[in-house]
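Protein chains: 2
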Amino acid sequence: MSIYKLEGTSGNARAGIVSTAHGDIQTPIFMPVGTRGAIKTLDTSHIESMGAQIILGNTYHLYLRPGHELIEKVGAAAGGGGLHGFMDWDGPILTDSGGFQVFSLSGLNKVTEEGVRFQSHIDGSYHMFTPEKSMEIQKALGSDIVMVFDECPALPATKEDLRKSMELTLRWAKRCKDYELKPHQNLFGIVQGGLHFDLRTECMQRLEELDFPGLALGGLSVGEKNEEMVNFLNDFTPTMPAGKPRYLMGVGKPLDVLNGIRAGIDMFDCVLPSRNARNGQVFTFDGPMNIKNERYKEDTKPIDAELNCPYTKRYTRAYLRHLFTVGEYTAGLLMTYHNLYFFLELTRRAREAILEGKFDVFYDSFYKRYTANQIN
Amino acid sequence: MSIYKLEGTSGNARAGIVSTAHGDIQTPIFMPVGTRGAIKTLDTSHIESMGAQIILGNTYHLYLRPGHELIEKVGAAAGGGGLHGFMDWDGPILTDSGGFQVFSLSGLNKVTEEGVRFQSHIDGSYHMFTPEKSMEIQKALGSDIVMVFDECPALPATKEDLRKSMELTLRWAKRCKDYELKPHQNLFGIVQGGLHFDLRTECMQRLEELDFPGLALGGLSVGEKNEEMVNFLNDFTPTMPAGKPRYLMGVGKPLDVLNGIRAGIDMFDCVLPSRNARNGQVFTFDGPMNIKNERYKEDTKPIDAELNCPYTKRYTRAYLRHLFTVGEYTAGLLMTYHNLYFFLELTRRAREAILEGKFDVFYDSFYKRYTANQIN
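Protein sequences appear in the order of chains D and U.
So for the first sequence, the working numbering puts the first residue at 1; every next one is plus one.
So for the second sequence, the working numbering puts the first residue at 1; every next one is plus one.
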């Protein structure tokens, strides 16, 4: 039975519902990243109040600290099970496979047919992730959407290397599929193949033989030109199975999300809104703004009147700038909340426009205003 | 007209109401410290939801960054005026005089009859605080309770030095009194004199000639033995004017607050609950606990079931320990909230006991349980 229900389209853009044991997700949707069991600077009550419909957890980080067995045990005793119980979040959770962090964060890593041996970025200790180990961890975490363990090649890479990597990823995908997860968990396949339409198509077709309930696009926004990614998404996404959710991993900036939606992507995640908040960048419908800027020193407007974020609209830019300038954690909290609310609102408005059959109008209007970057 | 209304006593302990333009304060009360326009790790919505009745702002810090003129300007434009408008807090605010930070934080400081010349702890720039300057800043901040600018002698000190300091403080108090504040502001006098009953009494009587609407005890918990402070408070506090609020500055630990209430103190402030939270110490009715402790690793109980903090009770000790251990800001947020809620609840329960005429029973019960320190 499909977990995805298509509700409407506007061009290639789609509005739908992804059903999980912890609730329905209205798509397109942005998924805030709760790396180590919390969205940085926020607690679960914030996640709830901002209207997040699904959040991410990172298998690599949670495996290292506090450990998936501990999360399973504490989560079960606390009620809710696994990561849900551990952080007291009742909504849907997606966990990544740990693959991306193994390749990007850990020291020395060695890829074999069996899996990846790597050193912890915390204490240098040795660990081995295999497809089965990744499934074991994600099973313990109890996420609603589980990602297959894949190799993540950096771009640029030769087509031959990308093919080799894809073949390995496909063999690993099969091993993941053979692992028995909890009944409520849905395993998503990951389509690799760089910017090569033929490789991606082949990868997707062979994943389809394994019949995953959802498909993700991996290995994008990893070094290629933004235009290349957008063009690829426009070409490729519409060829993906219409009856399954489509998830673009680790993307991205507001315009990337907008472009992804136009191409037919349903789900997005990225640390950008929370990470940039901690560096002083906040997103508005008039483009990004740097709260550190001297021009906001006595600015009594809210960050973004158009956004009207219920949590942060009470504060002035001048106040936020002050808090950020003196180094108060509160600045990180407020700007993280604001940025995530902005991304959620972006996907909410996009969804509304799709259901009205007017996504192109929304796209043009958002794009024009955002890129004019006339924050006042 | 008095700003204080006595509602009941139990032994020397008092329950009352302090009236300000921004609302009434039910005493005894603990006042969370919002040093630089925010309680560290929290935002104003947290201050409201925890039921804080009055908060503190620090004149020294706000003068240096972002500057009192900016706060006055932005606060007025934002609505609410001064610090109230700046941080969007509608409840009562007390500001200190800047004196304590000038002596404890700044580099090189030089005391003359005129005031104190000091170097900023941020950039080494030179500044001068006089009684008039302190009043000017606190007037701009628009706090409901303004503190006189006093010299803060460190203990131990000779009686002769303490007298000299007291005489200076009294001359400065007069200059503060002569400064015209905003109509809604109440200027409190500060009783100095170390642990010398006679000096304190003289200081208080001479302050009384200036008829401040409230009196504070300064220069305690600055190096003397805890027992000495408690004994002094028991002896001295009951001699203070019954018709005015009594504020014990910068104190302290839960048992200090409890002892202060027993002696007849109405108002307390301290950075201890928020600072210690950021270091991993949380307060419970069964004594303080260190969340870093290995024994809480799989502990699925809330921090303190007895406290039943509405914001943090949903989280387990194991979860908080994890967040703290990996360095998530969220840990600081949750533990700060918890600790401040604990101090507010302590004063709430004390007040209830006083109004029932049973403060001694409450004191004994709290003291016994807290010092048994049997957290389980």
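Calculated from the structure, these hints are not laboratory results.
C-beta atoms are modelled at their ideal positions from N, C-alpha and C, and glycine is treated no differently.
Don't take each hint at face value.
Not close to chain D: a few residues of chain U, all C-beta gaps over 12 Å, as computed [as the list claims (entries may be wrong)]:
#1 Ile3
#2 Asn109
#3 Thr239
#4 Arg278
#5 Gln281
#6 Asp299
Quick list of in silico lysine-lysine cross-link-like pairs, DSS-like style, CA-CA up to 30 Å [claimed, not checked]:
#7 U/Lys292 with D/Lys139
#8 U/Lys301 with U/Lys368
#9 D/Lys301 with D/Lys253
#10 U/Lys139 with D/Lys292
#11 U/Lys368 with D/Lys313
#12 D/Lys73 with D/Lys164
#13 D/Lys297 with U/Lys73
Do the alpha carbons of U/Lys139 and D/Lys292 lie within 30 Å of each other, as the hint requires? holds (28 Å)
For U/Ile3, is the shortest CB-to-CB distance to chain D above 12 Å, so the non-interface label stands? holds (29 Å)
Is it true that the CA of U/Lys292 sits at most 30 Å from the CA of D/Lys139? Holds - the C-alpha atoms of D/Lys139 and U/Lys292 are around 27 Å apart, at most 30 Å.
Regarding the pair U/Lys301 and U/Lys368, is the alpha-carbon distance no greater than 30 Å? Distance of about 22 Å is within 30 Å: holds.
Check on U/Asn109 being off the interface with chain D, judged by Cβ distance over 12 Å: holds (21 Å)
Is it true that the CA of U/Lys368 sits at most 30 Å from the CA of D/Lys313? violated (46 Å)
Interface-negative label, U/Arg278 against chain D, beta-carbon threshold 12 Å: Contrary to the label, U/Arg278 does not stay out of reach of chain D, its closest Cβ about 9 Å off (not over 12 Å).
Evaluate the condition: distance from the CB of U/Thr239 to the nearest CB of chain D exceeds 12 Å. holds (41 Å)
Measure nothing beyond the straight line between the CA atoms of D/Lys297 and U/Lys73; if it is 30 Å or shorter, mark the hint as holding. Roughly 11 Å between the alpha carbons, so the hint for D/Lys297 and U/Lys73 holds.
Is the nearest Cβ of chain D still more than 12 Å from the Cβ of U/Asp299? violated (8 Å)
U/Gln281 remote from chain D - nearest C-beta pair above 12 Å: holds (17 Å)
If you draw a straight line from the CA of D/Lys301 to the CA of D/Lys253, is it 30 Å or shorter? holds (24 Å)
When each numbered hint is compared with the structure, violations occur for hints 4, 6, 11, 12.
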